[in-house]
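Engineer: Heads up: the protein sequence lines correspond to chains A and B, in order.
Read in order, the letters of the first sequence are residues 1 to 506 in my numbering.
Read in order, the letters of the second sequence are residues 1 to 160 in my numbering.
Don't take each hint at face value.
What the hints assert, rightly or not - Dumping the calculated DSS-like pairs for lysine-lysine here, alpha-carbon to alpha-carbon at most 27 angstroms: (1) A/111 to A/322; (2) A/483 to A/497; (3) A/483 to A/495; (4) A/404 to B/88; (5) A/501 to A/479; (6) A/437 to A/447; (7) B/88 to A/447; (8) A/21 to B/88.
If you are wondering where the hints come from, they were derived from the structure by calculation, not from laboratory data.
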Amino acid sequence: MTAPTYDLGKLHGGLRLQGNKQESTTQPILEVPVPSQLVLPIEQHVGEPAQPVVGVGDYVLKGQLIAEPDGELGAPVHASSSGTVVAIERWPVSRRHGDKAPCIVIECDGKDAAVPSSAIPDYQSQAPADLLLRILDGGIVGLGGAVFPTAQKLMQARTCDTEYLILNGVECEPYISCDDVLMRERAPEILSGAQVLMHALQINVCYVAVESDKPEALMRLGEALAELDDDRIVLKQVPTIYPSGGEDQLVQLVTNREVPSGGLPTDVGCIVQNVGTAAAIHDWILRSEPLISRVTTITGDGVVSPVNIRARIGTPIEEVIKLAGGYTDHVKHLIIGGPMTGKSVTTDEVPLVKASNCVLAISDTAPEGDELACIRCGDCAAVCPVQLLPQQLFWYACADDEKKLREFGLIDCIECGCCDLVCPSHIPLTADFRIAKGRIRELADEKARAERARHRFEARNQRLEHEQQEREAELTRQKDSAKSAGPAAIAEILKRKQQDKKDDPR
Amino acid sequence: MWIAILTITSIALIAGLALSFASGRLPPADGDLVEQVNDLLPQTQCAQCGYPGCRPYAAAVVEGSATINLCPPGGDDTIRRLARLLGKEAIPLAESVVPAVAVIDEAACIGCYHCRNACPVDAIVGAHQFMHTIIESECTGCELCVAPCPVDCITMRPLS
Numbered sequence: 001m002t003a004p005t006y007d008l009g010k011l012h013g014g015l016r017l018q019g020n021k022q023e024s025t026t027q028p029i030l031e032v033p034v035p036s037q038l039v040l041p042i043e044q045h046v047g048e049p050a051q052p053v054v055g056v057g058d059y060v061l062k063g064q065l066i067a068e069p070d071g072e073l074g075a076p077v078h079a080s081s082s083g084t085v086v087a088i089e090r091w092p093v094s095r096r097h098g099d100k101a102p103c104i105v106i107e108c109d110g111k112d113a114a115v116p117s118s119a120i121p122d123y124q125s126q127a128p129a130d131l132l133l134r135i136l137d138g139g140i141v142g143l144g145g146a147v148f149p150t151a152q153k154l155m156q157a158r159t160c161d162t163e164y165l166i167l168n169g170v171e172c173e174p175y176i177s178c179d180d181v182l183m184r185e186r187a188p189e190i191l192s193g194a195q196v197l198m199h200a201l202q203i204n205v206c207y208v209a210v211e212s213d214k215p216e217a218l219m220r221l222g223e224a225l226a227e228l229d230d231d232r233i234v235l236k237q238v239p240t241i242y243p244s245g246g247e248d249q250l251v252q253l254v255t256n257r258e259v260p261s262g263g264l265p266t267d268v269g270c271i272v273q274n275v276g277t278a279a280a281i282h283d284w285i286l287r288s289e290p291l292i293s294r295v296t297t298i299t300g301d302g303v304v305s306p307v308n309i310r311a312r313i314g315t316p317i318e319e320v321i322k323l324a325g326g327y328t329d330h331v332k333h334l335i336i337g338g339p340m341t342g343k344s345v346t347t348d349e350v351p352l353v354k355a356s357n358c359v360l361a362i363s364d365t366a367p368e369g370d371e372l373a374c375i376r377c378g379d380c381a382a383v384c385p386v387q388l389l390p391q392q393l394f395w396y397a398c399a400d401d402e403k404k405l406r407e408f409g410l411i412d413c414i415e416c417g418c419c420d421l422v423c424p425s426h427i428p429l430t431a432d433f434r435i436a437k438g439r440i441r442e443l444a445d446e447k448a449r450a451e452r453a454r455h456r457f458e459a460r461n462q463r464l465e466h467e468q469q470e471r472e473a474e475l476t477r478q479k480d481s482a483k484s485a486g487p488a489a490i491a492e493i494l495k496r497k498q499q500d501k502k503d504d505p506r
Numbered sequence: 001m002w003i004a005i006l007t008i009t010s011i012a013l014i015a016g017l018a019l020s021f022a023s024g025r026l027p028p029a030d031g032d033l034v035e036q037v038n039d040l041l042p043q044t045q046c047a048q049c050g051y052p053g054c055r056p057y058a059a060a061v062v063e064g065s066a067t068i069n070l071c072p073p074g075g076d077d078t079i080r081r082l083a084r085l086l087g088k089e090a091i092p093l094a095e096s097v098v099p100a101v102a103v104i105d106e107a108a109c110i111g112c113y114h115c116r117n118a119c120p121v122d123a124i125v126g127a128h129q130f131m132h133t134i135i136e137s138e139c140t141g142c143e144l145c146v147a148p149c150p151v152d153c154i155t156m157r158p159l160s
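Using the sequences and the hints, build the whole thing.
Structural biologist: Dropping the structure here:
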């Protein structure tokens, strides 16, 4: 067994947060039965929404493609169980406050009949490029919560000089424990997924990074690794600091290389994948099961018995809450995602999607004081994991100073929320930065549009001027040629014209 | 006396030559400011300010003959930025408009070409006697094509 290694890079700032993870990790993963109705949003990933390829009334099988990617960036959506498509309509989803989005609704028949298997157990014989295309068909997206289409991320990494594959089992946000229990129960599958990834990327070093507060997951992974006997895979234990599970932060911790501002981990030769994504790749390549289910943490003091569940994508959240014993009497808020980065929703009709790593039902948010003036204590700068100066950014965000905001690296803010937590004046810094980022993008768009309009306006003026000049030149040419022909020629032409008039008197 | 006249004349001549050389070579300070003001304008070339385009309006603002609140597409943001650049007080917009794009009712279009000639950014495609249409992504919503249309088939659709 390979012992966990400790040679780590240094992460700036960060916070030690109260985990609140034990509540949901006492029980094994609970399998959720197939619900009577599945609601599958066509946009469960970064990029363009997928386009439905089935119609209302069609019978679909489990694992059948029901929406295919449209455009350069996207991922397909598969039916999570067999049944009949009853509607393609707008349905509340876990976006801002339960906004509606187009979804494919399937009435399940309970048979759970699957499409014929197309697993490739001998994936090593496949060319890496073919394997990447195969991964694209599996509808696999980053399961850490960012839902970036995995295949596109891998294809981008193939074009770069990538040395390390890093599996992210850090899961630093409080309450969430779905990766933890997944590592405990499915460590061999995760490592097998890592092997597939290494073959697809032609990489020979894989670090599996796990936070130190998950001893059991580390143990299980160590056992699975000993059994697998693959010395390309190395287990790394990283300290329990929020947000060490952020992609760039993890690269810094594991390899001691800093991802440049505005860059990607591939710029420093790394590619990061969530452990859940690795397991999904194993399921797709070796067991021919596309991404139609995932592990989700149902927790918080708003549910009776917090638990981790494995449910089909598209299962309504109210169903899984029932499995967790239902709501307690004092439940107030429902959040999809963690307490730091999650989104609050107003209805539990929303379906579980590929991004749903956690459903948090809580009684009440921590009492916050009123927002006071910034006293420039600098606590926020001390905890910022990206080494920004939040107090300066706040200053410039208030002044709407786009130039300074860019100069001070607002774009690199990962919106982790550390500065909010330490601010003694209770300033909602992250929310302000999110708005300022939107403003910057808007301004840049506006500027680009104005620039293009100006360019077109100038091009048009130039064209008109050119046409005018040509007309004048043509006129002078005609005058000159008439003059050079001499008076005799002119008299000849005039005579002909008079003759024409006589012939055709009108 | 002749010496004095010659001296003065030659000094004036040298100074005049130097000045004309400098004005030709160095960018005029005011012109620079006009460029800066022009950069802040939305470049819709809509003439809603009463000037024939964004640059002429910028020149008028710098000269002081136009106030900074005459640009409806730019809105309050542009006024604020202009005020900051020119050290003036931000004043409310003289007349506000909703951002919109022009839409041609293609069934009614007779292919007269008038709107195409009016468009300052060449956002209308079509040929004489053929149907015209507007390239939505390039339309700045200046409304200059609405008036010339003889069959009134152009409408402004507000951007959501």
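Engineer: All hints are to be evaluated individually against the structure, with a verdict given for each.
Structural biologist: Now for the hints, and whether the structure bears them out:
1. This hinted pair checks out: residue 111 of chain A and residue 322 of chain A have alpha carbons roughly 22 angstroms apart, not beyond 27 angstroms.
2. As the CA atoms of residue 483 of chain A and residue 497 of chain A are separated by approximately 18 angstroms, the hinted pair is consistent with the 27 angstroms bound.
3. Restraint check for residue 483 of chain A and residue 495 of chain A: satisfied, since their Cα atoms lie roughly 17 angstroms apart, inside the 27 angstroms limit.
4. Restraint check for residue 404 of chain A and residue 88 of chain B: the C-alpha separation of about 22 angstroms stays at or below 27 angstroms, so the hint holds.
5. For the proposed pair residue 501 of chain A and residue 479 of chain A, the alpha carbon gap of about 24 angstroms is at most 27 angstroms, so the pair holds.
6. For the suggested pair residue 437 of chain A and residue 447 of chain A, the alpha carbons sit about 15 angstroms apart, so the restraint of at most 27 angstroms is met.
7. Of the supplied pair hints, the one linking residue 88 of chain B and residue 447 of chain A holds, its CA atoms being roughly 23 angstroms apart against a limit of 27 angstroms.
8. Among the hinted pairs, residue 21 of chain A with residue 88 of chain B is inconsistent with the structure: their alpha-carbon atoms are about 57 angstroms apart, more than 27 angstroms.
Hint 8 from the list above is the single one not met by this structure.
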